[in-house]
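Colleague: Chains as they are written, first to last, in our numbering: chain A, 1 to 473; chain B, 1 to 232.
Treat the hints loosely; a few may be bogus.
With a Cα cut of at most 25 Å, we get these calculated SDA-like pairs of lysine to any residue [what the hints assert, rightly or not]:
| no. | chain 1 | residue 1 | chain 2 | residue 2 |
| --- | --- | --- | --- | --- |
| 1 | A | 374 | B | 79 |
| 2 | B | 47 | A | 349 |
| 3 | A | 457 | B | 4 |
Here chain B is said to cover these stretches of chain A; the calculated rule only asks that three of the stretch's residues, wherever they fall, bring their Cβ under 8 Å from a Cβ of chain B [claimed, not checked]:
| no. | stretch |
| --- | --- |
| 4 | 107–116 |
| 5 | 388–395 |
| 6 | 441–451 |
Far from chain A, some chain B residues (derived; all Cβ distances over 12 Å) [stated by the list, open to error]:
| no. | residue |
| --- | --- |
| 7 | 10 |
| 8 | 41 |
| 9 | 57 |
| 10 | 82 |
| 11 | 129 |
| 12 | 143 |
| 13 | 205 |
If you are wondering where the hints come from, they were derived from the structure by calculation, not from laboratory data. Here the structure is a predicted model, which means the values were calculated and not measured. Ideal placement from N, C-alpha and C gives every residue a C-beta, glycine not left out.
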Amino acid sequence: MHIEPSFRKRYHKALSDLAMLKAVKLGTGRLRSQRAKAIEAVGTERWMAFRDRAEAIRLHVIQHLDQYLDQLVNNVLKNGGHVCLAKTGEEAVKYISDLAKKKNAKSILKSKSMVSEEIHLNPALEKQGCKVIESDLGEWIIQLAGETPSHIIAPAMHKNRFQVADLFNAVSEEKLTTEIPDLCGFARKYLREKFLGIDIGITGCNFALADSGAVTVCTNEGNARIISTLSPTLVTIMGMERILPSLEELTIMLSLLARSATGQKLTVYNTLFTGVRNKDDLDGPQEFHLVIVDNGRSKLLGTKYEKVLNCIRCGSCLNACPVYRNIGGHAYGWVYPGPIGAVLSPLYQGMEKYGELAYATTLCGACTFACPVKIPLHDMLYALRNDKIELEKTGELAENIAYKGWSATFASMSRYRFSVRMARRFQFPLVKAEKIAYGPPPISDWLKHRDMPALPKKFFHEIWPEINNDRKE
Amino acid sequence: MYADVGKSVVQVLRRNGVDLDFPEGQTCCGQPAFSSGYYKETTIVAKKMIEVFESSEKVVIPSGSCAAMIHHGYPTLFANDPLWKTRAEDFVAKCYEFSQFIVDILGITDVGATFPKKVTYHSSCHMTRILGVEEQPKILLKNVKGIDFIELPYAFDCCGFGGTFSMKMADISAAIVEEKVDNIIATGAEVLVGSDLTCLMNIGGRLSRRGVAIQVMHLAQVLDQGSGKNAY
């Protein structure tokens, strides 16, 4: 298998960044144990029933996505909002950039949005002179660091408080300690001031409700609620699949989302808004734009990967994944890391660029079992590998030959037994004390960290006749 | 590769009244090729397996991931092959993982073994998550006379083997197995037991490289201890 040097380079860099790895292990460990406690409190059986229900809701929406999109758009328009249906990321960026120009916007405040990261919104807005500020604490930390999120729900998981203190001290007038309350206090004060005098507010979207045109945003800091209240012009960006039929389904999804993501019973702020302020309202935006982004999603409809659109971006597959826990999020290369990223990146951005991620997994299945909406993530990773080999025919030559040889050998008893005898003979120079510690590729990398047992003097099929004869006598 | 494990499987099953055969011609369930995306090549070998065991009443598989491959992989492989689909289904229906067979089919929870040692158990991913066999091996272990069974913290976490993953991305794999080994050492166990030889090869390989004197055994080898009589 050919691994793009880029990925190999990225994960090697990650493996040598000990501060990052320590922070990621701490962060994922905490989220995962909190999730486990939340499930225990609910009871496993009820949790499974919750997942079944959530899966059914998401499948239903995805299978009727055209109808629900239509209903959502009509309701947003009816509520006095504007809608942009963006086929690509560029289209979405252009719509928002043009809007910022039209409004002569100088100051733009954002709440957390993975789709905005996906379409590279901030650099485009900054290029035309807007000051964009992230108001989610984690997003703000990585904005100060000039980095991208490394986790779907905890974008700055890879940073420790000492690194955060350095970043904050660079913008703080007074010297801050490395104590967490001190750092949070500073962020709170600093960001509070930014909420006043914003020209455009941008939020992400956890779920949009088709029957009312309402947008739901979940935050633990309340920043999205302030943005949706104080912005004269409000923009919400959403992936086209993030729809639910009505409030009824939202109830289930919110309790599932919070428990899966952080182990909370409910996220602290669950904000629902329907866009522009009504005549008698005291606050709320004068203008509302809902930007619905396709960017590769619709091409998955009707394919064997359709179910990946069930995803509600809780991040629990990341915390469950042994690979993610040991390399962090940036090594994956694109905006979505972990198992969901290993599936989404090649599907959205192309196999050529990200097909290698289908191999960045032990196929242990922990992701599939962590997923609240039952996406068979590890089955999709198998399928992606199979696509690479049999559909795109981009398997590495040596491996293609190896597996041809393997099937010819293992489909025949005599050839198999011959190869066993040969292997036993050729391992001879490598064996010391019934162990192999050094060897040629492809086992050389394995042997860097581990010993391998030598092949036994006799295989089981070679002793079976003895065992069986003893029995018969 | 692990002939001793095979011997123990035979001993334990015969001692518990099972009439065994080892049909010639069996080789591999096809997991390595399947996991690497080579379904065509896997199908050739899988058909051979189905043929070889056509006349067997039940098939016992002493490796969790091989059993999971047959249960989960074969239906995928033959989904669009009307001729082989039913044959594959018949085969799948009679395949059991070793501990699953003893507990669920034979209805035995104590095989009469004695093993007075401190033991911990690693739950292999494919066996637990895909095949759904979780408690059976632990039930059997806990009923071994004299055994001091200690739960392994994070027993359900992957050991990092992942087939070719452990060669292609050996450094990530090594980081994962290191966590596993640290957790095993922390239990103070003398013996690590598992039901999947590839996990055990990986974990054992790291223990060996670190020079840790914890013995690595397949469940069948533990269940074969101390019953005295040879069942051959």
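Colleague: Now, for every hint given, state plainly whether the structure supports it.
Modeller: Quick rundown of the hints versus the structure:
{"no.": "1", "hint": "374(A) x 79(B)", "result": "holds (21 Å)"}
{"no.": "2", "hint": "47(B) x 349(A)", "result": "violated (36 Å)"}
{"no.": "3", "hint": "457(A) x 4(B)", "result": "holds (11 Å)"}
{"no.": "4", "hint": "107–116", "result": "violated (count 0)"}
{"no.": "5", "hint": "388–395", "result": "holds (count 4)"}
{"no.": "6", "hint": "441–451", "result": "holds (count 8)"}
{"no.": "7", "hint": "10", "result": "violated (6 Å)"}
{"no.": "8", "hint": "41", "result": "violated (4 Å)"}
{"no.": "9", "hint": "57", "result": "holds (17 Å)"}
{"no.": "10", "hint": "82", "result": "holds (20 Å)"}
{"no.": "11", "hint": "129", "result": "violated (4 Å)"}
{"no.": "12", "hint": "143", "result": "holds (25 Å)"}
{"no.": "13", "hint": "205", "result": "violated (3 Å)"}
Of the numbered hints listed earlier, those contradicted by the structure are 2, 4, 7, 8, 11, 13.
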